[in-house]
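With the hints as extra help, turn the sequences into a complete structure.
Going down the list, the protein sequences come from chains A and B.
With our numbering applied, the first sequence covers 1 to 367.
With our numbering applied, the second sequence covers 1 to 425.
Hints were generated in silico from the structure; no laboratory data involved.
Fair warning: there could be bad hints in the mix.
Some, not all, of what chain B presents toward chain A, calculated at C-beta under 8 Å [unchecked claim]:
| # | residue |
| --- | --- |
| 1 | 193 |
| 2 | 322 |
| 3 | 328 |
| 4 | 340 |
So, partial list: chain B residues that the calculated Cβ filter (under 8 Å) puts toward chain A [said to hold, decoys possible]:
| # | residue |
| --- | --- |
| 5 | 196 |
| 6 | 197 |
| 7 | 199 |
| 8 | 213 |
| 9 | 317 |
| 10 | 319 |
| 11 | 324 |
| 12 | 329 |
| 13 | 331 |
| 14 | 332 |
| 15 | 335 |
| 16 | 347 |
Here chain B is said to cover these stretches of chain A; the calculated rule only asks that three of the stretch's residues, wherever they fall, bring their Cβ under 8 Å from a Cβ of chain B [unchecked claim]:
| # | segment |
| --- | --- |
| 17 | 95-103 |
| 18 | 106-115 |
| 19 | 286-294 |
Keep in mind that this is a model prediction, so the values were computed, not measured.
Where is the CB? At the ideal position from N, CA and C, for every residue including glycine.
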Amino acid sequence: MVRAGHDDGFVVFDHVQKSYDGETLVVKDLDLSIGKGEFLTMLGPSGSGKTTCLMMLAGFETATHGDIRLAGRPINHIPPHRRGIGMVFQNYALFPHMTVGENLSFPLEVRRMSRSDREAKVMRALDMVQMGQFVNRRPAQLSGGQQQRIALARALVFEPELVLMDEPLGALDKQLREHMQFEIKHLHDRLGVTVVYVTHDQGEALTMSDRIAVFNDGRIQQLAPPQVLYERPDNSFVAQFIGENNRLEGVVEQLGPDRCTVRLTNGEIIDAAPVNVRGAGERTVISIRPERVEFMPERLPPGAHTLEAEVLEFIYMGDMFRTRLRVAGSDNFVIKSRNSAGQARLRPGETLRIGWLAEDCRALDAA
Amino acid sequence: MSDIPIGPTATARQQRLETADGTPLKSALARASRRQKLRALALVAPLALFIIVTFVLPIGQMLLRSVNNTQFSDNMPALVQWFAENPPGIDPDEAAFAALVSDLRNGAAQRTVGSVGTRINYEVPGTRSLFTATARRAADLEPPYREALLEVNSDWAREDIWAAMRGASQAYTANFYLAAVDRKRDLDGNIVQSDPQNRVYVQLFLRTFMLSGVITLICLLLGFPVAHLLATLPLRKSNLLMILVLLPFWTSLLVRTTSWIVLLQGQGVVNNVLVALGVIGDDGRLALMYNQAGTIIAMTHVLLPFMILPLYSVMKTIPPSYARAARSLGATSWTTFRRIYLPQTIPGIGAGSILVFILAMGYYITPALVGGATGQLISNQIAFHMQNSLNWSLAAALAALLLGAVLLLYWVYDRLVGIDNMKLG
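Right, dumping it as C-alpha cells:
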C-alpha cells in the first residue's frame with residue numbers, strides 16, 4: 001500500500017472494513033490517508049467498494065471495523081449532519097420544492113445564520129459558479145449542467161473543509177462533462193478545499209486528481225498520482241483499467257534489477273521492466289500502452305527485441321490512427337499514432353516489426 | 001427589374017405554409033391525422049356511452065328530481081288551475097273547494113290520492129290521512145262544497161294546508177332544498193327555520209363533515225409511516241407489507257364491519273381484554289360502538305388503504321438522496337423530515353386526504369351497522385328517504401347538497417394546493 005506525499009492525514013481510513021450481510025466484506029482492510037487540500041479520486045468498477053467508502057466518510061454507512069478520522073478526530077459515531085462535510089450527489093439531489101436560492105440557503109439556515117449573512121454567502125457561491133442570475137429558478141427549470149453547478153455551489157456554500165463528490169458528472173453529456181471537469185478542478189485550486197471524488201470514468205480521474213486510488217474487489221490496488229498510475233501501473237488490473245492497454249502473456253526468461261526478458265506464448269522474446277515478477281520461470285503478463293509502441297524502424301531503440309506483426313484493421317479517428325495488429329498470437333494488439341504530417345498509414349495485410357523501450361513495457365502479475 | 005413589393009403580403013404568405021403540391025400545410029396535417037383521430041374516438045366511444053348511461057343520466061335525473069315533483073300537480077288539475085287563476089293572498093272560495101272535491105273524486109277513482117297526500121305530508125306532517133279519508137267520501141259530497149268538506153274534516157280550513165297545496169301546484173320547487181337545510185316557508189312565503197323537532201339535517205351535515213375530517217386525520221397519521229415503510233423497505237419486505245395493506249380489499253366490507261362489531265361490542269374482545277387486564281372494571285365497560293367512536297374506528301380501518309396508496313406512490317418517487325443531501329448539509333433528521341421530506345409528500349397527502357374525506361362523506365353501510373344513533377351520517381338519512389319515507393325529492397336534495405359540498409371542497413383544494421399537484425397513483 002502506497003502512502004505518498006501528504007502525510008498530515010486530514011482524512012484517515014485506519015484499517016476500515018465494511019460488510020453489509022455479515023458474510024462478505026465490501027471493503028477489505030482499507031488504509032488511506034488524504035492530505036489537506038488534496039484532490040483524491042476513488043476510481044474503480046462498480047461494486048469495487050469506492051462508493052461505500054465515500055458513504056462511510058459522509059456518515060451514511062457505518063464502518064464494520066476500523067476508524068475513520070477527520071482532522072485527527074474519530075468520526076465513526078458522529079451523525080452526518082454534524083460532520084460538516086459538503087457533498088455533491090450523482091443526481092444532484094437539489095430539493096425540487098425550493099428555488100435555487102433556497103437550496104443554497106438551506107445549509108446556512110440550519111446553521112442559524114442571519115438573513116443578511118445568508119444572502120451574501122448565497123450570492124457569492126452562485127457567482128462562483130456563474131449562476132448568479134438563476135437565484136429564483138427552480139431546479140426543474142435548469143439544464144443538467146446548470147443543476148450540476150448549483151449542486152456544487154450548495155456543497156460549498158457553508159465553507160466545508162472537505163467536499164465529497166459521488167460521480168457528479170455521470171449524467172452529463174461528454175462535452176459538458178469535460179468542461180465541468182476543468183471547472184471543478186479550478187474551483188478546487190482556488191478554494192483549497194479537500195475533495196474526495198468518486199468515479200468510474202478513468203479519463204475524469206486522470207484529468208482532475210492529485211492522487212487516484214484505484215479500487216477493485218474492496219481493496220485499493222494502487223494509490224498514486226495520475227502520471228504514475230498511467231505510466232507505471234503496479235499490477236495488471238490497474239494497467240488494464242486505466243487507459244488502453246495491450247497485454248501479452250509469457251514466461252520470465254531472465255530477471256535483472258531493472259530489466260527482464262520474457263518469452264511470449266509463441267516463443268518470441270521481448271524486453272520488459274519487471275514490476276511484480278519474482279524470478280525466472282514465472283508466468284507473467286506484459287503490459288504496453290498503444291501509443292508507446294514503435295513501428296518505424298528508425299525509431300526503434302538499437303539492439304532491442306522486436307516482434308513480428310500483421311495489420312488487421314486500420315481505423316481513422318481524426319486526430320489519431322488506431323491500428324489493430326496480430327502480435328504473438330493475440331488479435332487485439334492495438335497501436336495508436338498521431339495524425340501528423342507524413343505519418344504512415346498502415347494497410348490491412350501488411351506485415352511489419354514493432355518494438356518499444358523496455359521501460360515502457362511492464363511485466364506484471366499473471367492475474 | 002421592377003420592385004417586387006416586399007411587405008405585409010409577403011410575410012403573410014410566408015406564415016401560411018404549404019406542402020409541395022400547394023395545399024395548405026394545416027389542412028394536409030388535418031387530413032393525415034383524421035384516420036387516427038377517428039380510430040381513437042371509436043375506441044373511447046363505448047366507455048363514453050357507458051359513462052353517460054350509468055353516470056351522467058342518473059345524476060341528472062336525481063338533480064332534476066330534487067327541484068321537480070309532479071305528485072300533486074299531475075293529479076289535481078282542477079285545483080292547479082284555480083291556483084293559477086287566483087294569485088296568492090286570495091282565500092279559497094267555493095270554486096276552489098269545488099275544484100278540490102272534483103280532484104279528490106278523480107283521485108279516489110284513479111287511486112292517485114295517496115300520492116297527493118304524501119306530497120302534502122312532506123310539507124305539513126300528518127296530513128296524508130286527511131286526503132285519503134276525505135277522498136273516500138268525496139263521491140257523496142253535495143254542494144256547497146266548502147261546508148261539506150269542513151264537515152268531513154275541519155282541517156280543510158287550515159291556511160297552512162292551502163299554502164302547501166298552492167306550493168305543490170307548481171311542479172318546480174326549491175322547497176326540498178329548504179327542507180334539506182332545515183328551513184321552510186311560512187304562510188306568507190318567507191323562509192323560516194323548521195320546527196325544532198324537525199331540524200336534523202344541518203346538524204347531520206356538520207357531523208358528517210366533522211367525522212369525515214377526524215377520520216381523514218387519523219388515516220393520515222396512521223397511514224404516513226406505513227406508506228413510508230412501504231416506499232423504503234427492501235422489495236421482499238415491502239411486498240409483504242403491501243399485501244397486508246391490500247388484504248382488506250379482498251374481504252367483503254360487510255365481513256370487516258361485522259368483525260369490528262365482534263371486537264368492539266360491550267362483551268367484545270377489546271372490552272374483555274381490558275377487563276381481564278384490570279384496566280377497567282366489569283361495570284365500566286367502554287361503549288366503543290353504536291356511537292361516533294364505533295363509526296370512526298371502523299371507517300378509519302376501511303378507508304386507510306385509500307390514504308396509504310397515494311402516499312406510497314408519491315413517496316416511492318422521492319429518492320433517498322434528498323434526505324442524505326439535507327443531512328450532509330447539516331440538517332437534523334427532524335429538520336430533514338419537516339423541510340425536505342414532508343413538502344415533497346404534499347401531493348400524496350392531498351390526494352389521499354381528499355379521497356378519504358370524499359369517500360367518508362358518502363359512507364353508508366359502516367355507520368349504519370356500527371354507528372348507533374349518534375354515529376349516523378348524512379348518507380344514512382338519504383338512504384332512509386330513498387327506502388323508507390320514499391321522499392325521493394328530499395333524498396335527491398340532500399344528495400345534491402352533498403355533491404355540492406364535495407365540489408366546493410375540490411375547488412378550495414385546487415385553490416390551496418392545486419389539483420395538478422395531486423397524485424393518485
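Do the hints match the structure? See the list:
1. 193: 48 Å, violated
2. 322: 5 Å, holds
3. 328: 4 Å, holds
4. 340: 6 Å, holds
5. 196: 51 Å, violated
6. 197: 53 Å, violated
7. 199: Since chain A brings no Cβ nearer than about 46 Å to residue 199(B), farther than 8 Å, the hint is violated.
8. 213: This hint is violated: residue 213(B) lies away from chain A, its Cβ roughly 26 Å from the closest one there, beyond 8 Å.
9. 317: 10 Å, violated
10. 319: Holds. Min distance 7 Å.
11. 324: Holds. Min distance 6 Å.
12. 329: Since the shortest Cβ distance to chain A is 4 Å, the answer is holds.
13. 331: Because about 5 Å separates residue 331(B) from the closest Cβ in chain A, which is inside the 8 Å limit, the hint holds.
14. 332: Holds - the Cβ of residue 332(B) comes within 8 Å of chain A, reaching about 6 Å at its closest.
15. 335: Holds - the Cβ of residue 335(B) comes within 8 Å of chain A, reaching about 6 Å at its closest.
16. 347: 10 Å, violated
17. 95-103: holds (count 3)
18. 106-115: It holds: at least three residues are needed, and the segment 106-115 of chain A offers 4 whose Cβ sits within less than 8 Å of chain B.
19. 286-294: violated (count 0)
Taken one by one, the earlier hints fail for this structure at numbers 1, 5, 6, 7, 8, 9, 16, 19, listed in ascending order.
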